[in-house]
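Q: Letter by letter, the chains look like this.
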Amino acid sequence: MNGVTVSAKVNGDAVQYVCPADESLLDVLRNRLNLTGVKEGCGTGDCGACSITLDGRLVCACLVLGAEAEGREIGTVEGLSEGGKLHPLQEEFIEKAALQCGICTPGFLVAAKSLLERNPNPTEEEIRYALAGNLCRCTGYDKIVRAVQSAAKIMRRGKKAAR
Amino acid sequence: MRFESPTTTKAAATLLASESGVAHVLAGGTDLLVRMKMGSIEPDLVVDIKRIESLRTLKVAAAGVQIGAAVPAVRLGESDKLRSLWPGVVEAANLIGSDQIQGRCTVVGNLCNASPAADSVPALIAAGAKALVVGPKGKRRVAVEKVVLGPGRTSLARDEFIEAVVLPARTGKSADAYLRFTPRTEMDIAVVSAAINLTLSRGIVQSAKVVLGAVAPTAVIVPAAAKALIGTKLDDAALDKMVAACRAACNPIDDKRGTIAYRTKVAGVMARRAALIAYERAGGSK
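Just so you know, the sequences run in chain order A and B. Counting in my numbering, the final residue of the first sequence is number 147, and the numbers go up one at a time with none missing. Counting in my numbering, the final residue of the second sequence is number 314, and the numbers go up one at a time with none missing.
Here chain A stands alone, though its shape is the one from the complex:
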């Protein structure tokens, strides 16, 4: 194999892998690093099931080459929980039944976390625009929006309490 050797950070941990030059970061994460929370839906950047962060920016892992990630920081859904405690977004997705088949859920969680970091108190319209790159064929989106609103409220309260 004419491979490229890459050192990167995934969810804070240093990783190294060798991949073919044309392999997507999505395939690297799933098949070489066993991070199967990153899902493949369309593979062409339309559905958002493979949403990750790359140096803090929300991107589709299917539209990044594994070879590009040298020295980069990658964040996946596996990095959301801390010390076994689920992220408020994860808690609220369960609480509000914001998923059915679940394949879109990791992408929605990563995208919603990215939104709340930029905008801790988004309007419903802002949430719907920010999540327009994530497709869900089960829920009709409403419960997802409610879960994000509820998690945002909890996170804002948490921040206030910490002060």
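These aren't lab readings, by the way, just hints derived from the structure by calculation. Just so it is clear, CB atoms sit at the ideal spot from N, CA and C, and this is done for glycine as well. Hints should not be assumed to be uniformly reliable.
[Said to hold, decoys possible] SDA-like cross-link-like pairs, simulated, lysine to any residue; straight-line CA separation at most 25 Å:
1) B:K78 to A:K127
2) B:K38 to A:D6
3) A:K127 to B:M215
4) B:K78 to A:S(-9)
5) A:K(-7) to B:T35
[Claimed, not checked] Just so you have them, the derived chain B footprint on chain A, three or more residues with Cβ under 8 Å:
6) 4 to 13
7) 40 to 50
8) 71 to 80
9) 128 to 140
[What the hints assert, rightly or not] Example chain B residues on the side facing chain A (calculated, C-beta under 7 Å, incomplete):
10) M29
11) R30
12) F31
13) D59
14) K65
15) D76
16) V88
17) T210
18) P211
19) M215
20) D216
21) I217
22) S235
23) R285
Chain A is already provided as a structure; the job is to place chain B on it using the hints.
A: Below, chain B alone, put in the same frame as chain A:
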């Protein structure tokens, strides 16, 4: 396939020039990787230009703006100064795809992809943007409207690439606006679009540029539409004349997303609305 990530434009130009097979430049990858996935291209070499510092630079000043080829579209919207100088260019660039796509896609990539429906291209042309082209023989500066020849075709030689687009100095009371029509509010491709750039003096249009997207194989500059606005305060008669000129300049395709008659009619509607937005932004009042 080989993957290279040079750190200078010179090294990138040398890599592209010395490749005998199929070479492609990778910036945001939101078009390139899709085409690779679909099998419509099979590159022997991909040159990632995101490690070239100067290409990651966004310089914003009233005297001129330079948008590096590796600057993701999301960064344009994050610049308050750019939004106030060139609101039309920013709103056009920020309409491309989702937040996920915005984090990767670039305006230079949008230009080089050469889609007739590219959102940022009409706005760049209306702004009078120039592309800085790099090749083995050095650099050249070319008007953005000279880059796209037709769907998927550009005037770049196979060993050339664009390192940045530059917008001219802003003078007086000027503003631009971009509007597109899509059946959905997000994640869609323009059926018709219009970009307008105006400069006013005492509320009267001194100079204007009117550009339509998705109504011909390339973006269309409509000088007669601009002429209809100059010397006016965008009164109804001037706007009607501009709309007629826009419709006369349309040469669209007929497909399930819009018929020829529909696209032609809506082109005038988009141009009228965009002109009024640009006028108001430039400080004009009616």
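Q: Look at each hint and say if it fits the structure.
A: Hint check results:
1. B:K78 to A:K127: 38 Å, violated
2. B:K38 to A:D6: 24 Å, holds
3. A:K127 to B:M215: The hint holds at about 21 Å.
4. B:K78 to A:S(-9): 17 Å, holds
5. A:K(-7) to B:T35: Measuring from Cα to Cα gives roughly 21 Å; hence the hint holds.
6. 4 to 13: holds (count 4)
7. 40 to 50: Coverage by chain B holds here, the residue count being 8 at a Cβ distance below 8 Å.
8. 71 to 80: That given contact is violated, which follows from only 0 residues of the segment 71 to 80 of chain A lying within Cβ reach (below 8 Å) of chain B.
9. 128 to 140: Check failed, 0 qualifying residues.
10. M29: 5 Å, holds
11. R30: With a closest approach of 6 Å, the B:R30 hint holds.
12. F31: 4 Å, holds
13. D59: 9 Å, violated
14. K65: 6 Å, holds
15. D76: 6 Å, holds
16. V88: At 20 Å from the nearest chain A Cβ, B:V88 fails the 7 Å test, so the hint is violated.
17. T210: Interface hint status for B:T210: violated (12 Å vs cutoff 7 Å).
18. P211: 14 Å, violated
19. M215: 5 Å, holds
20. D216: 10 Å, violated
21. I217: 12 Å, violated
22. S235: 34 Å, violated
23. R285: 16 Å, violated
Against the hints set out earlier in the document, violations occur for numbers 1, 8, 9, 13, 16, 17, 18, 20, 21, 22 and 23.
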